[in-house]
Every structure is written in C-alpha cells, then in structure tokens.
Amino acid sequence: MTTAPKDNTQQAVIQAKDLRVEYRINREWLTAVNGVNLAIYPLEIHGLVGESGSGKSTLALSMMNYMADNARIGSGQVLLDGQDIAPLSSQQMRAIWGKKMSLVPQDALASLNPSYTIREQIAEVTQQHMGMAKDEAYAYAVEMLARVKIADPEAVARSYPHELSGGMQQRVMIAMALSTEPRFLVLDEPTTALDVTTQAVILDLFRELILNNQAAALYVSHDLGTVAQLCDRVTVLYGGEIMESASVTELYAQPLHPYTVGLLNSLPRHHDGTNTRLSTIKGVAPSLQQRSKVCVFADRCPVAIDICRAEKPPLETTPDGRTVRCFRWQEIANNELDLSPPEERVTETSDEADRELLQANSLSKAFGNSDLLDRLLGRAKEPLQAVDDVSFSMKTHSTLGLVGESGSGKTTLARSIVALIKADSGQIELYDEPIALDLEKRPQDVLSELQMVFQNPNDALNPYHSIGQTLKRTINKLTSKNMTDEQVAARVEDLLQAVRLPADYAGRYPSELSGGEKQRVAIARAFAANPSLVVADEPTSSLDVSVQAVILNLLKDLRAREGASYLLISHDLDVIAYLADEIAVMYLGEIVEIGPTEAVYNLPSHPYTEALISAIPEPDPTSGKQRILLEGDVPSARDLPQGCRFHTRCPRKIGAICENEAPPLRDASDGHVIRCHIPIDELVALQSQPPVAAGEGK
Amino acid sequence: MTQTQPQTDVTPKRVSRPFYKRALASAGDFLRQLARRPLSFIGLMLVIGFILMAIFAPIIAPFAFDQISTGPRSSPPSIDNLFGTDRLGRDVFSRVVWGSREIIVIPGIATAIAVFFGAGLGMMTGFYGGWIDEVISRAFDSLLAIPAMVLALVMLATIGPSAVGIVIVIVLLYTPIITRVVRSATLNVRSLGYVEAARLRGESTFYIVTREILPGVLPALVVEAALRFSYAIFLTASLGFLGLGVQPPSPDWGRMVSEARNNYTRTPWEMVYPAAAIAVLVVGVNLMADGLRRIFRYEGQER
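These protein sequences, in sequence, are chains A and B.
Residues 1 to 698 in this note's numbering are what the first sequence lists, from first letter to last.
Residues 1001 to 1303 in this note's numbering are what the second sequence lists, from first letter to last.
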C-alpha cells in the first residue's frame, strides 16, 4: 500500500472549508453536513465512511457542487484547485462537471442511457469537453475501454448497457469518468452492487487508474474492508460532522473516536470463532431534526461523560497530524478506556443429541422463462439451470452457510427447500421422512418446521397489518391451535422480547419501524412457528454494519434459545463464517465445496473458494493479502460450460480434462468435499504458492 | 446521475395508520387531505353537489321531467324557467336536474360491476400467473384492440338500446382495463416477502388475496375506479347523443344535446345547459380522481 503524499505545501485538488449543506424539509432548512473541513491532495484516495444517514453522500456530492433540488450549500467554500466553486450556478458548473470532476455512481445501469451504445455515451463526454470529432471520440472511447481492462473493447463499445454484466457496466462508468482526465473523482459506493470477486477487480482498477491519471478521489463507502484496501486517508462522518480523520494505517491501527471503534468492532471476522458475539453500537443514527448542539454521538457513545452532553467537542488536531472530535480522545489513545468488544460467550444449550434434520437429494430446478406465444411458435428459449443435482444434509442445532456469486443458484436452492419454488426433481427428507416438494401439499406441521427470513426487511412485513397481528396470525396458524387469546398475546410479548423489541411494538405498523427493527420482527415471525430450520436469505445485506452486528448477534442467541438450525445464504463469507458450522460453496448451480467452516477457510480449497476468500477486503490496511483476481463474468446458466463449470475462469486449470470431463468429488478430510480434477495433495501444494496469471486459455 | 435524498435508518416519529383505516376512522382527515389541494377539493364538491342533486331531484326540480307546457315553447331562460324551455315547452332546468340521476346511476352501477370483476380477475391472473393469466390477458388484449365506441355501437345495436344495455357495454369495456391495472399492481405485491411469508404459513389463496394483497392493490384500484367512472359518464352521454341511450321521454343529457343541436342558433339554452352539466360533472370526477391519486401516492412513499 502506498502512503499518501503528506507534503502540505502542495495545493489540495479539492478542499471543503467550513462546509455546511442544508436540506429544505417541511419548509425548514435542516443541516445535513455541518462545518466540514476536508482536503484531498493529488494522487490521494480519500475514504469517507459512516452509516446511512451520516451525510456522506450529501457531502461527497456537495464537493462537486451537485445537489438535490431541495439542498443548498448554507455556508463555507469548496475550492477546486484554489477556486471556490460553491457560488457557481449549475449552468456554470456544467463546464466543470465531467471535465475537471466526475462521478462513478453506485448503480451503473441506472446511470447509463439504455438507448445509446457505450461508445456514443463516452464520446458524448469527450466531444463536449475536449472538442473531439466524432470519429476521434469513438476511437478514444475504445482506447478508454481497453484501459479499464475490458477484454474486447471494440465489441463492448458497440453494445448497449443492458447487454453487459454489472461489473462490465461499472467499468464503463469508470472509463467514462476518466475519459476527460478529471482532477477529482467521486466514487459513490461504486462496488456495493457487485460480487466480491468483481469488486476485487474493480478496486484494483481504481488504484491503478487514479494514480496514472494524477487525480484525487473521494471514495464513499459503508464498507470498512474496501476502504482499508483502497484508500490513503479516511474520514469518519457521523451526524453530518467529521468524527475523525487520519491516514488509513493509523486509523485502523488505533482509532481515536468511540464511533470508529464501534464500527470496526461490529465487523464479523472469520477467526473470531463461533462462540463470541459482535460488539454493537446501541441506538440508531439521529435524523436531521434530532441533531443537537452537543456531541452528536453522545447518545450512542459507551464512554460519554457529562461534558459530552453539555457541549459540542471541537475538532482537535493531534500531535501526529490526525484530527478527531472527541473530548476523551487522549484517554482512548492511551488505552485508558475500555472499548474492546465484550467477550460474552453464548452457551449453546442442547439437551437432546444431534440427529439428522434435513436431507436434500439430487435437487434440480430449471427456469423455463418462455411464455405461451413463444412456445406455440416453437421459439422456446434454453431453460436456465439454476440448481443442478444438488445434495446435502444438515443436523439439528447446526448452521449451514451457502455462499456464491449472484447467479450461483444459492437462493433458488434455499427457496426450493421451503418450497416457495417447486423443485423439478429430487427428494427432501425432514427428520428422515420424505416431504413434498410442492408447498400446497405440505401439511401444517411440516410448514411450521421450515420458516424463512427474507432479504429485504422493507417488504417482509405487510404495511397494513400491525406487528402484533402479523405475529399472532403465525402463532394461531402454525402452533398449537387451542391456545387462548391470553396465551397468544403472551407468546407475542415473549417473541418481541426475544428479538429485543419493547412489548408496545405489537401495536405499531411497519412504517413506524426502522429497517433493522423490521428485520427483527421478520425474525420473530419466523420463530413464532417454533421451526426446526430457519432459512435466512441474505438477512443483513441491506443493513448498515452496526445494525448487521445486532441482527447477527440476535440470530446467534435465538439459535441457542429456540434450538433451531439455520440455512444461511450470503454473498459475504465473513457473515457466513460468523454463524455457520458448515459452509457450502455454490457455483453455477452446483456445490463445488462443502465442509466444516474451518476446513473450508483453510487449505486445501476449491480454486473458486480460494478466489472468493482472497477477494474479501480485510478491514486491515496492513494485511497485504495476495488476491486472486477472477477474469471474466459468470457464464450464463442457459449455456453451461462443458466439463468443469468453473474452467472458464479457473486460475488453476490443469488442461483439457477440465474442459471435457465433469470433475469428481474428492474427500479432503472428514466431511470436507471438493469437486475438482486436481487431487487433494496437489491442491495443497499448489495453494501454498502464489497463483499463476488468471484466465489463461479462455 | 441520481440525486440523493438524506437517508436515515431512523424510526419515523410520525404515527401513521393504513390509509383505509384512517379514511374510515376519520373521514374528516381524509377530506382535509383532499381539501389541502384546492382543485381536488373543488372536484369533490362538484361530485357531491351532483349526487345531492340526483337524490333531491323531486325537491329541486320545479317540474316533472316530462311535463310539457311549463311555459311558452322554446322560451329563453327566465324566472319561471331558469334554463328556458324546449320545443315542447318542457322545463330545461328540471330535465337537467332529473337527468343527473341516470347519468350518475348508470355509470355508477356499471363501474362498480366492472371494478368488482376487474379486481377479482386482475388479482387472480396476477397471483396465479401461468395459463390462466395467459388466456385471460390475451383475450382481454384482443377486446381492447377494438375501438370502444365501435364495440359499444355494435353491441347496443344488437341487444337494443336500454339502461341495462349500457351497463353491459360499460362493464365489458372497462373490466379488461381494470383487470390490467389490478394485475400489474398484484404482480408487484405478489413476490414481496410478506406474501411469501403468508404462503409459508399455509394460508389459503382467498386469505392471501383478500388480506395480504388487496390492501396493497386498493390505492391503484380506487384511483382507477374514479377515473373509469368519469369515462363511463362520458360514454353514457355519448351513447345518449347517438340515440343509443335511455329512450324518451326520460331525460338524458346526451340526447338533450343531440335533439337541441339542430336549433342551437335559435335556442342555444336547450343545448348549452345539458352540455355544461356533462362537462362540469366529468371535470369534477377527474379532479377528484387526480386528488385521490396524489394522496395515495403520498401514502405509498411512506412505506
């Protein structure tokens, strides 16, 4: 990792001075960003982190003087190469946007015009700002696409946005943003929507391209892992104010603000072992209306003292040039305050011996996706084989984690277990009894054993039913039918307590709850049926890290309390490893590796698992981990590769056998199975050395 | 580029109840929401005014609708005959007042039936999908491909012009449209977590459709019903104008316009008042529908 140039005689590319940004809400101007000073020097990538609602996107966009209609810069300056751009109108900014500063947004597809080809859209920028002729601009667009390492830039230049994968679209956005060689780039959560393998490739690109372009960048993210990998300096934002700002190595090694400490401690890390709990930050971020004249973090701070609730702490500069806004930073720096995560241990109580809970044999599911007219005209499309002949088994009181990139079939597999999707073939056995693949044919007692927690908490609860109604309905429907109303009400209270919500929430409606609270109710609803197995489909992926920690702890506690098992789906291996006893890695509808968590994390691994694990951005800038970058995209499940499905991207491909023959299942150790042509001992030998260049022989 | 709004993971402080409960619990609050948008409020007042006029026609109208020689024939508006008289000496004001009954009742009943069928079929096709959806949707698509007026004329010519005939025509014309709107609203709701959770606890299809899906579809349905009502009024008036509406002597605004149009230079009042009544009523219903849409869209954003 390179260190940021600390030469302060150099002029900052972009600098915010006492910047205040306000939103007009209900005829009142509310402050979203308050008194921010931030300077970014050439060749620097500056990370901006914070929970949702912290004002980080508002700050980033206001540094481009680009704001929502109801927002304004209340006071302060934004200096671009020394010139104040804050007073400029959007008319005047148009000469600067796209030329001197550009934006790589979170959702690339929404930012690309679907009715123009890629080269037309890139050329539009260069024609506008660099006065290029059309032919010149087209040729330059291809050149730019090649610079973001697109394998076939000519073909991509002629395609339309929807023809490209998410990772490819994001590369196009980067090419477009860099095409005018801007001085300043805002990267607004540019990899949040991407798979971890694609994210690794894109992050590497950013580093290289920004350095080559002599630019400065502001990287906005909620993900402390990617920030550690990419950035030189980090600013932590909370409640619209800077809490702390430091170089990335200093900040991760010794955070000085309790909020930063809390954020870092709430990240799940696989080496924690499965019996610890994540530390959490209590409470939720304040809304614009609630921001106070005192320390904005005081209400959630574990070490707040009287002065924190009486005065606003100043932004102080430490002797080594860091800035921090906390009255007690010196105590934190001297390790006089205990901010370490609690070493609480969850005791898993199980009176009964573990037995076989669920067995899936040869489950397959293909999606036809052709409508009546197509079928009548004989134009039916190739079926999409989402899950292909998958078998696995689970014991009681265990957690199986399913990981894989999008399109790996993990969600389809989980949904066919609970029968929201009817599998085409295969058997499912629950406690050694075969159960129907069809939801309508499952009796009530089977339904109550298998429940689900959904990905998006915002649509998991019916907005027209109160929390109490939702829980009562499940209890009445699926558990003992001769419960009295009082018993049902008591059970509702018990469930709410189990998910740490006050009893009066029973009378509330989902619109009155925050995202994390809704997800807790959704979890309570799943447990209302007294299930043996809860399928959780990305239960935390739409939540902030601090909220994610709360939910993960809760899932862990409930497993012990209710004696249930989980089938946990996530694209985030760290989340899986925090909860799971066993991990199954899926690729293109197949399980390529399954085994106990530690065995899957350690060598030997399937080459795909190896790449997945190496792609996880560690929240530790000094880790210096060797990353394996996977070339290309996941092939279409309509047209599966012959032989080993992973051979098109495999960095450890051994030859023609991978292209022609389906790999065997190899036993690596007890219960640890790898689907690969390479024998286990050779895998061990190979994986102790750095990998060869990826994507050869594609 | 997208614009950003301040996002928060904060519990909303304002307490809100589902819109229909609130609407039932306090109609006043609902009216206040409408009243906050002056145009919608005017629309609502106009619609209420016409409904009151229809209910109290015997009190408001000074004469029966078919009473002839209420004054001199074809006389201009006067104290005795507010809107003048027609060529038979019938009081135009009384006929407009009495006519409001048919122009509200016929499209009202027809719209209600169309909404009932449209909601049922829309939720069914949207929820089940598969071949039921394909067959019904394609059949309705072909029905919608025929121009409404042509279809109406052919059907009324076949079954004969009558109030029942008009109701049948409107139901046939509008059921497919409402079905489509409800179907797409249902498709949006069907794959949401709370519907899947209901399926996982073994709820019957009837429960899922009426308790889980219907509340989510209701805003779209109410707005669509109000819009369809205004179109139905217009269609009824048009059919009356073409002589395919309710037969004489009952007063029909459309037919009154049609009968008066030959003499409109000499007796413009015969035509202007019923025509204005049609226009004002349709505009009123439309303004109200627009207000409903805005209120429900606002509610929708809250979720």
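Hints should not be assumed to be uniformly reliable.
Far from chain A, by Cβ distances over 10 Å, these chain B residues were calculated [stated by the list, open to error]:
| no. | residue |
| --- | --- |
| 1 | Q1033 |
| 2 | V1150 |
| 3 | V1181 |
| 4 | L1192 |
| 5 | E1203 |
| 6 | T1265 |
| 7 | V1283 |
Just some of the chain B residues that point at chain A, by a computed CB distance under 10 Å [claimed, not checked]:
| no. | residue |
| --- | --- |
| 8 | R1101 |
| 9 | V1105 |
| 10 | A1197 |
| 11 | G1202 |
Simulated from the structure, these hints should not be mistaken for laboratory data.
C-beta: ideal position from N, C-alpha, C; glycine also.
Okay, the hints, checked on the actual structure:
Against chain A, the non-interface label of Q1033/B holds: every CB pair exceeds 10 Å, the least being about 16 Å. V1150/B, annotated as away from the interface, keeps every beta carbon of chain A farther than 10 Å; the closest lies near 26 Å. Distance to chain A confirms V1181/B as a non-interface residue, since its nearest Cβ pair spans about 19 Å, more than 10 Å. Remark: the non-interface label on L1192/B conflicts with the geometry, its nearest Cβ contact in chain A lying 4 Å away (cut-off 10 Å).
With 10 Å as the threshold on Cβ separation, the claim that E1203/B sits away from chain A is violated: the shortest Cβ distance comes to roughly 7 Å. Residue placement check: T1265/B keeps its beta carbon more than 10 Å from all beta carbons of chain A (closest about 53 Å). Every CB of chain A lies more than 10 Å from the CB of V1283/B, the least distance being 31 Å, so the non-interface label holds. Taking 10 Å as the C-beta contact cut-off toward chain A, the hint placing R1101/B at the interface is violated, the least distance being around 36 Å.
The criterion of a C-beta within 10 Å of any C-beta in chain A is not met by V1105/B, whose closest approach is roughly 32 Å, and the hint is violated. Look at A1197/B: its Cβ gets to within about 6 Å of chain A, closer than 10 Å, so that hint holds up. Interface hint status for G1202/B: upheld, as the beta-carbon distance to the closest one in chain A is roughly 5 Å, under 10 Å.
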